[in-house]
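Trainee: Given the sequences, and given the hints that come with them, work out the whole structure.
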Amino acid sequence: MDIRQLIDQYAAYDLWANARIADRLSREEEARLDVVVKSSFPSLRGTLMHIRNSECIWLDRLLERAPRWPAEALEGFDTFLKHITAMRDHVRSLGPEDLAGHVEYKDLRGNVHRQQRLQILMHCFNHSSYHRGQLVTIMRQLDMTDIPPMDLVVFQRLHAVG
1 MDIRQLIDQY AAYDLWANAR IADRLSREEE ARLDVVVKSS FPSLRGTLMH IRNSECIWLD
61 RLLERAPRWP AEALEGFDTF LKHITAMRDH VRSLGPEDLA GHVEYKDLRG NVHRQQRLQI
121 LMHCFNHSSY HRGQLVTIMR QLDMTDIPPM DLVVFQRLHA VG
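Just so we're aligned: 125 in the working numbering is position 125 of the sequence shown, and the numbers increase by one with no gaps anywhere.
Because the hints were derived from the structure by calculation, they are not lab data.
Keep in mind that a hint or two might mislead.
As the list claims (entries may be wrong) - Each pair of labels, with its calculated beta carbon distance range: (1) Met1 <-> Asp151: 13 to 21 Å; (2) Asp143 <-> Glu64: 29 to 37 Å; (3) Glu97 <-> Arg65: 19 to 27 Å; (4) Arg114 <-> Leu142: 38 to 46 Å; (5) Asp146 <-> Glu30: 39 to 47 Å; (6) Ala31 <-> Val103: 34 to 42 Å; (7) Glu30 <-> Leu152: 26 to 34 Å.
All residues carry an ideal CB built from backbone N, CA and C; glycine is no exception.
Mentor: In C-alpha coordinates, the structure reads:
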(Lines of atoms letter the chains of each structure in order from A and count residues from 1; the text may use other names and numbers.)
(Lines give C-alpha, C1' and ligand atoms only; values in the text may rest on other atoms or scores of the structure.)
Protein backbone atom coordinates (compact mmCIF):
# COMPACT_ATOMS: atom_id res chain seq x y z
CA MET A 1 0.00 0.00 0.00
CA ASP A 2 1.46 3.37 -0.96
CA ILE A 3 1.05 6.59 1.02
CA ARG A 4 -1.74 7.77 -1.29
CA GLN A 5 -3.78 4.62 -0.60
CA LEU A 6 -3.04 4.83 3.11
CA ILE A 7 -4.25 8.41 3.54
CA ASP A 8 -7.31 7.65 1.42
CA GLN A 9 -8.07 4.76 3.78
CA TYR A 10 -7.76 7.07 6.79
CA ALA A 11 -10.09 9.62 5.19
CA ALA A 12 -12.64 6.90 4.39
CA TYR A 13 -12.31 5.53 7.93
CA ASP A 14 -12.79 9.00 9.41
CA LEU A 15 -16.02 9.47 7.47
CA TRP A 16 -17.25 5.95 8.32
CA ALA A 17 -16.58 6.29 12.06
CA ASN A 18 -18.03 9.80 12.25
CA ALA A 19 -21.13 8.65 10.36
CA ARG A 20 -21.59 5.77 12.82
CA ILE A 21 -21.40 8.04 15.85
CA ALA A 22 -23.67 10.64 14.23
CA ASP A 23 -26.21 7.95 13.34
CA ARG A 24 -26.23 6.67 16.90
CA LEU A 25 -26.56 10.13 18.43
CA SER A 26 -29.31 11.12 15.98
CA ARG A 27 -31.56 8.58 17.72
CA GLU A 28 -31.36 10.48 21.01
CA GLU A 29 -33.64 13.26 22.15
CA GLU A 30 -32.18 16.69 21.42
CA ALA A 31 -32.01 17.59 25.12
CA ARG A 32 -29.82 14.58 25.86
CA LEU A 33 -27.20 15.85 23.44
CA ASP A 34 -26.82 18.98 25.55
CA VAL A 35 -26.56 17.40 29.02
CA VAL A 36 -23.53 18.96 30.70
CA VAL A 37 -20.74 16.51 31.54
CA LYS A 38 -17.11 16.77 32.63
CA SER A 39 -15.04 16.38 29.49
CA SER A 40 -12.97 18.47 27.10
CA PHE A 41 -16.25 19.89 25.79
CA PRO A 42 -19.36 20.18 27.95
CA SER A 43 -21.73 17.91 26.02
CA LEU A 44 -22.15 15.36 23.26
CA ARG A 45 -23.20 18.11 20.85
CA GLY A 46 -20.29 20.33 21.89
CA THR A 47 -17.81 17.53 21.25
CA LEU A 48 -19.39 16.60 17.93
CA MET A 49 -19.36 20.21 16.75
CA HIS A 50 -15.72 20.56 17.80
CA ILE A 51 -14.85 17.66 15.49
CA ARG A 52 -16.87 19.32 12.70
CA ASN A 53 -15.31 22.74 13.21
CA SER A 54 -11.81 21.29 13.35
CA GLU A 55 -12.18 19.32 10.14
CA CYS A 56 -13.62 22.41 8.46
CA ILE A 57 -10.80 24.73 9.52
CA TRP A 58 -8.15 22.19 8.52
CA LEU A 59 -9.77 21.79 5.11
CA ASP A 60 -9.84 25.58 4.74
CA ARG A 61 -6.13 25.68 5.57
CA LEU A 62 -5.35 22.87 3.13
CA LEU A 63 -7.22 24.72 0.40
CA GLU A 64 -5.50 27.97 1.42
CA ARG A 65 -8.75 29.81 1.93
CA ALA A 66 -9.95 31.97 4.81
CA PRO A 67 -10.62 29.74 7.83
CA ARG A 68 -14.08 29.52 9.37
CA TRP A 69 -14.64 28.92 13.08
CA PRO A 70 -17.23 27.72 13.73
CA ALA A 71 -17.85 25.98 10.43
CA GLU A 72 -21.52 26.99 10.54
CA ALA A 73 -23.91 28.63 12.95
CA LEU A 74 -26.25 25.63 12.96
CA GLU A 75 -25.28 22.60 15.04
CA GLY A 76 -27.19 19.74 13.40
CA PHE A 77 -25.94 16.32 12.38
CA ASP A 78 -26.38 17.19 8.71
CA THR A 79 -23.82 19.97 9.08
CA PHE A 80 -21.44 17.57 10.82
CA LEU A 81 -21.24 14.97 8.09
CA LYS A 82 -21.20 17.57 5.33
CA HIS A 83 -17.80 18.81 6.49
CA ILE A 84 -16.40 15.33 7.13
CA THR A 85 -17.44 14.32 3.60
CA ALA A 86 -15.81 17.43 2.16
CA MET A 87 -12.52 16.47 3.79
CA ARG A 88 -12.73 12.92 2.44
CA ASP A 89 -13.52 14.23 -1.05
CA HIS A 90 -10.53 16.57 -0.89
CA VAL A 91 -8.22 13.73 0.11
CA ARG A 92 -9.41 11.73 -2.90
CA SER A 93 -8.32 14.59 -5.17
CA LEU A 94 -4.72 14.62 -3.89
CA GLY A 95 -1.80 12.95 -5.60
CA PRO A 96 1.52 11.94 -4.02
CA GLU A 97 3.11 15.29 -4.90
CA ASP A 98 0.23 17.14 -3.23
CA LEU A 99 0.59 15.06 -0.07
CA ALA A 100 4.33 15.78 0.07
CA GLY A 101 3.75 19.51 -0.47
CA HIS A 102 3.54 22.11 2.27
CA VAL A 103 0.89 24.58 3.36
CA GLU A 104 1.43 27.79 5.28
CA TYR A 105 -1.39 28.78 7.62
CA LYS A 106 -2.24 30.67 10.79
CA ASP A 107 -3.55 28.96 13.91
CA LEU A 108 -6.46 30.42 15.85
CA ARG A 109 -4.03 32.64 17.82
CA GLY A 110 -2.57 34.08 14.63
CA ASN A 111 0.74 32.18 14.75
CA VAL A 112 2.09 31.25 11.33
CA HIS A 113 2.99 27.61 10.63
CA ARG A 114 4.25 25.71 7.61
CA GLN A 115 3.48 22.01 7.47
CA GLN A 116 3.32 19.11 5.05
CA ARG A 117 -0.21 18.27 3.82
CA LEU A 118 0.21 14.63 4.79
CA GLN A 119 1.06 15.62 8.37
CA ILE A 120 -1.96 17.93 8.56
CA LEU A 121 -4.25 15.14 7.36
CA MET A 122 -2.79 12.63 9.82
CA HIS A 123 -3.33 15.16 12.64
CA CYS A 124 -6.89 15.83 11.51
CA PHE A 125 -7.91 12.17 11.44
CA ASN A 126 -6.15 11.41 14.72
CA HIS A 127 -7.86 14.42 16.31
CA SER A 128 -11.27 13.13 15.28
CA SER A 129 -10.50 9.68 16.67
CA TYR A 130 -9.43 11.21 19.97
CA HIS A 131 -12.69 13.12 20.34
CA ARG A 132 -14.83 10.17 19.18
CA GLY A 133 -13.33 8.32 22.12
CA GLN A 134 -14.53 11.13 24.36
CA LEU A 135 -17.98 10.86 22.82
CA VAL A 136 -18.10 7.17 23.71
CA THR A 137 -17.06 7.95 27.29
CA ILE A 138 -19.75 10.63 27.58
CA MET A 139 -22.34 8.25 26.13
CA ARG A 140 -21.43 5.67 28.77
CA GLN A 141 -21.62 8.31 31.51
CA LEU A 142 -25.16 9.05 30.29
CA ASP A 143 -26.02 5.31 30.35
CA MET A 144 -26.51 5.17 26.61
CA THR A 145 -26.40 1.76 24.97
CA ASP A 146 -25.91 0.39 21.45
CA ILE A 147 -22.65 2.26 20.99
CA PRO A 148 -21.29 1.15 17.61
CA PRO A 149 -17.74 -0.14 17.32
CA MET A 150 -15.59 2.40 15.52
CA ASP A 151 -12.11 0.90 15.68
CA LEU A 152 -9.96 1.17 12.59
CA VAL A 153 -9.58 -2.61 12.51
CA VAL A 154 -13.38 -3.02 12.32
CA PHE A 155 -13.43 -0.67 9.33
CA GLN A 156 -10.54 -2.54 7.72
CA ARG A 157 -12.23 -5.90 8.18
CA LEU A 158 -15.49 -4.60 6.73
CA HIS A 159 -13.69 -3.12 3.73
CA ALA A 160 -11.11 -5.85 3.13
CA VAL A 161 -10.39 -6.50 -0.52
CA GLY A 162 -10.60 -10.20 -1.59
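Trainee: Do the beta carbons of Met1 and Asp151 sit within 13 to 21 Å of each other?
Mentor: 19 Å, holds
Trainee: For the range 39 to 47 Å, tell me whether the beta carbons of Asp146 and Glu30 fit it or not.
Mentor: Since the Cβ atoms of Asp146 and Glu30 sit about 18 Å apart, the hinted range of 39 to 47 Å is violated.
Trainee: Take a look at whether the Cβ-Cβ distance between Ala31 and Val103 falls inside 34 to 42 Å.
Mentor: Hint holds: Cβ distance 40 Å, inside 34 to 42 Å.
Trainee: Assuming the hint says 19 to 27 Å, is it satisfied by the Cβ distance from Glu97 to Arg65 or not?
Mentor: 20 Å, holds
Trainee: Determine whether the Cβ-Cβ distance between Arg114 and Leu142 falls within the hinted range of 38 to 46 Å.
Mentor: 41 Å, holds
Trainee: 29 to 37 Å was suggested as the range; check whether the CB atoms of Asp143 and Glu64 agree with it.
Mentor: 45 Å, violated
Trainee: 26 to 34 Å was suggested as the range; check whether the CB atoms of Glu30 and Leu152 agree with it.
Mentor: 30 Å, holds
This entry does not satisfy hints 2 and 5, going by the numbered hints stated previously.
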